[in-house]
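Novice: Since chain Y is already given, all that's left is putting chain H on it; use the hints.
There are 2 protein chains.
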Amino acid sequence: MATSPFYPPQRILMGPGPSDVSPRVLQAMARPTLGHLDPLFVEMMDEVKGLLQYAFQTQNELTMPISAPGSAGMEACFANLVEPGDKVIVCQNGVFGGRMKENVERFGGTAIMVMDDWGKPVDPEKVEAALKAHPDTKILAFVHAETSTGVRSDAKLLTELAHQYGCLVIVDAVTSLTGSELRVDAWGIDAIYSGTQKCMSCVPGLSPVSFGSRAVDVIKTRKTKIQSWFLDMSLIMGYWGGGTKRAYHHTAPVNTLYALHEALVMVQAEGLENAWARHQHHHQALKAGLEAMGIRFVVEEAARLPQLNLITVPEGVDEAAVRARLLNEYSIEIGAGLGALAGKVWRIGLMGHACNTKNVLICLGALDAVLSSLQAPIESGVAVGAAQAFYQA
Amino acid sequence: MATSPFYPPQRILMGPGPSDVSPRVLQAMARPTLGHLDPLFVEMMDEVKGLLQYAFQTQNELTMPISAPGSAGMEACFANLVEPGDKVIVCQNGVFGGRMKENVERFGGTAIMVMDDWGKPVDPEKVEAALKAHPDTKILAFVHAETSTGVRSDAKLLTELAHQYGCLVIVDAVTSLTGSELRVDAWGIDAIYSGTQKCMSCVPGLSPVSFGSRAVDVIKTRKTKIQSWFLDMSLIMGYWGGGTKRAYHHTAPVNTLYALHEALVMVQAEGLENAWARHQHHHQALKAGLEAMGIRFVVEEAARLPQLNLITVPEGVDEAAVRARLLNEYSIEIGAGLGALAGKVWRIGLMGHACNTKNVLICLGALDAVLSSLQAPIESGVAVGAAQAFYQA
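Residue numbers (UniProt numbering), protein chains in the order written: chain Y, 1 to 393; chain H, 1 to 393.
One thing to keep in mind: the hints can contain errors.
Identical chains share a label here; the pair holds if one copy fits it or two copies do between them.
Pairs of lysine-lysine, DSS-like flavour, derived with a Cα cap of 30 Å [said to hold, decoys possible]: (1) K225 x K344; (2) K156 x K220; (3) K101 x K358; (4) K138 x K344; (5) K223 x K101; (6) K223 x K120; (7) K220 x K344; (8) K120 x K132; (9) K101 x K344; (10) K344 x K132; (11) K225 x K138; (12) K126 x K344; (13) K132 x K358.
These aren't lab readings, by the way, just hints derived from the structure by calculation.
The following block holds chain Y by itself, in its conformation from the complex (with noise of 0.2 Å):
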């Protein structure tokens, strides 16, 4: 039986990613394709380098996207600065941390776990004493926002400490970049991923990758071959290395890549202190109207990330129910809890194109509307006010 084309409905997506991809970004991508090695795509290429190195704040040559999603882009990480028998200091605090320990297993590196209860940031004095113990370690892992739990960890400090004993980082920016302040450069970040479809509006599909310096002489000192030969730097270098001679490594995805060109045009038109002020503005919006109708955050005010709100379901309500009326009736997307918390909490993203007022406001109501016709434990009625009383402040 034939099968018929595929025309999804509108959402509002507002979990955990992928979020509100931007109209422009959606028509960038359908644009004609070129060739991967045509001298218009390379030239394209080169400012999709500079416009990530914008991004990332840094001036890193091997910055570029990994040809993969974010889970490539942490893959790229592990598998290019871990050799067999390598200590790498992990920190757990969510999922992601959970994969980072996998990754280091699977390249033959020993995992030293640093562990925090999830939806708290991770903890420097734990983090010391780890390095402490462990002189020999080689890198120190952890997730700058946590995707899981919505908990950001102090990356810079972290970073310091981790140089302080000898070690590089690998960081997990996937729910941060551009949507929370991140400077790589000033931080001294070794390694770096993320993904396009957070807070960049981006279709998912790309890992924006960086490498410092101390990192990249890791690579090419290396006693061993990287244990991938899609995500070996060395050869990818070759291509995205700059220069109009390109050395075919692998057919690059054109227009996903058009895509992200495009998001990050419009990045660098906001700017990037802008962007990162503005999900705080509508986390603070929409941290008024939970607020007003009752409802708890579970992270801490000073590790809150506002792009991902992490709130408690409120006593008694079937919280996969609620997600499928917001879902079908309301065509907006929030976040089921993951894990320990899975079936207690629910992930409100605001990240991006979908991070605006609009949304806010929609979400609340709706929210509000849902749970009030299931007889929940809230206040009714009073959260899309509190939101707009603090817009109007």
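Specialist: What follows is chain H alone, placed relative to chain Y:
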């Protein structure tokens, strides 16, 4: 300085890929992004899987697109099937056999090479000799359609041979899928990967793969963990495996999957056998024109891929200058030779949406005009007429 949006020109992509993308596919890709766990998106994923099973001519349950280009699909096959110490016979008759060797070695295996000249198909006699000489071989790996040379090897016969000697096969079908006859189940292929940017008229960025039951058994009974988290099929199955409960593995490239869905709907509507015949038909027309001009094919007729035509550069002609003029004056991209063939050949692709009468005639006309203006030793002014005569016959 502010970077401007990027507006690519409309090329005619007749190189080794990416090839022209159907406007229907580009439009599908620009539809609103859904969450990667949205019930409607999950339904679409099931359709993609079914359509890929049709394209591969297989009932294999484990059939899906890897969220990255063809090189990652290759890596997915080798990473999952090769364990340290395994012996793999790799047939090399172009660029991609060499990449297979890299893969085997990076995953800890030993590659036994069976070498054939670039431009020749894999020689089954040499393969059988290698299988006899190495009875402990686990896998035979070969390229069905060598993108670097335009050569088709006999996938059915090589698979039979491998099975006679108790080996699995890994087949590279990047350039053959939907362009040339390929029957995964009828031929008994155990593991196969392809790319979306060749004969499927889709954008680059995804790699369809399929694993048969013997390959799945090998994955399930591995002694060691797969040396990649991103490409670990046992984890990816949890997301693509069917059913309504999907385990999050990575964020799927949602919009690129819309593109693949649309491209596969078009393959289904045309019919696979019709698509194979269309590639053969326009190849014959191109051949009539090129031969009238006095340009020779490099590959013997029986092994020629209709979708990728390897032809000799006329004596005394600077091949790069010709390609540059075709691109700049006619917006036509054709491909250069690689490796030992660099400077001596061109590769003219007739793939997917680009494989049509109009492109054959435009390409012949442009090549005729450029070569004539350079006083190249060709027969001028007859190529287009020869192709037209073929079409009218």
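Novice: All hints, please: hold or fail.
Specialist: Taking the hints in turn, this is what the structure says about them:
no. : hint        : verdict
1   : K225 x K344 : neither (45 Å within a copy, 33 Å between copies)
2   : K156 x K220 : within (26 Å within a copy, 42 Å between copies)
3   : K101 x K358 : neither (39 Å within a copy, 54 Å between copies)
4   : K138 x K344 : neither (37 Å within a copy, 48 Å between copies)
5   : K223 x K101 : both (22 Å within a copy, 20 Å between copies)
6   : K223 x K120 : neither (37 Å within a copy, 37 Å between copies)
7   : K220 x K344 : neither (46 Å within a copy, 34 Å between copies)
8   : K120 x K132 : within (22 Å within a copy, 60 Å between copies)
9   : K101 x K344 : within (26 Å within a copy, 49 Å between copies)
10  : K344 x K132 : neither (37 Å within a copy, 61 Å between copies)
11  : K225 x K138 : both (18 Å within a copy, 23 Å between copies)
12  : K126 x K344 : within (27 Å within a copy, 62 Å between copies)
13  : K132 x K358 : neither (49 Å within a copy, 70 Å between copies)
Checked against the numbered hints given earlier, the structure breaks hints 1, 3, 4, 6, 7, 10 and 13 and satisfies all the rest.
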